[in-house]
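J.: Take the sequences, apply the hints, and build the full model.
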Amino acid sequence: MSEELLQQLIHMVGENNRIVKEVQQELREFKAEMYEFKAEMYTFRDEMYEFRDDAISRLERLERQDKLIEADLDLLHKKVSDHEREINRIKQVGQ
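For the sequence shown, our numbering assigns the number 6 to the initial residue and increments by one for each residue that follows.
Watch out, some of these pointers could steer you wrong.
[Claimed, not checked] Label pairs and their in silico Cβ distance ranges:
hint, residue 1, residue 2, range
1, Glu34, Asp59, 56 to 62 Å
2, Phe56, Glu34, 46 to 52 Å
3, Ser86, Arg50, 38 to 44 Å
4, Leu78, Met46, 42 to 48 Å
5, Thr48, Arg23, 47 to 53 Å
6, Glu38, Gln70, 55 to 61 Å
7, Tyr47, His82, 31 to 37 Å
8, His82, Glu52, 40 to 46 Å
9, Asp59, Gly99, 29 to 35 Å
[What the hints assert, rightly or not] Here are the simulated EDC-like pairs of lysine to aspartate or glutamate, each with C-alpha atoms no more than 20 Å apart in a straight line:
hint, residue 1, residue 2
10, Lys43, Glu31
11, Lys26, Glu38
12, Lys83, Glu65
13, Lys43, Glu55
Keep in mind that the hints were calculated from the coordinates and are not lab data.
As the structure is a computational prediction, the values presented were derived from the model and not from experiment.
Beta carbons: idealized from backbone N, C-alpha and C, even for Gly.
T.: The structure is reproduced here in structure tokens:
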């Protein structure tokens, strides 16, 4: 009977070793996938930083262009007002 128990114990230890090896292999594979994912995330992060910097640069240019257009419109409005005043004066003097 003890021989049979010893055989069962040997079988159980062998099975446990097989399971431990499988778990270790799965853990190695998981770690490899995680390292790959981590590298992809760093690449993605760098791309997002580059995108953000580019977007900020473009927005700054748009803001500058908007201010220039606004200044041009103010000047145009002033000139139109001046011309309207001159036209009105000419009309008044001509009557």
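J.: Next step is simple, just say for each hint if it's right about the structure.
T.: Evaluation of the provided hints:
no. : hint                      : in the structure
1   : Glu34 / Asp59: 56 to 62 Å : violated, 37 Å
2   : Phe56 / Glu34: 46 to 52 Å : violated, 32 Å
3   : Ser86 / Arg50: 38 to 44 Å : violated, 53 Å
4   : Leu78 / Met46: 42 to 48 Å : holds, 46 Å
5   : Thr48 / Arg23: 47 to 53 Å : violated, 38 Å
6   : Glu38 / Gln70: 55 to 61 Å : violated, 47 Å
7   : Tyr47 / His82: 31 to 37 Å : violated, 52 Å
8   : His82 / Glu52: 40 to 46 Å : holds, 44 Å
9   : Asp59 / Gly99: 29 to 35 Å : violated, 59 Å
10  : Lys43 / Glu31             : holds, 18 Å
11  : Lys26 / Glu38             : holds, 18 Å
12  : Lys83 / Glu65             : violated, 27 Å
13  : Lys43 / Glu55             : holds, 18 Å
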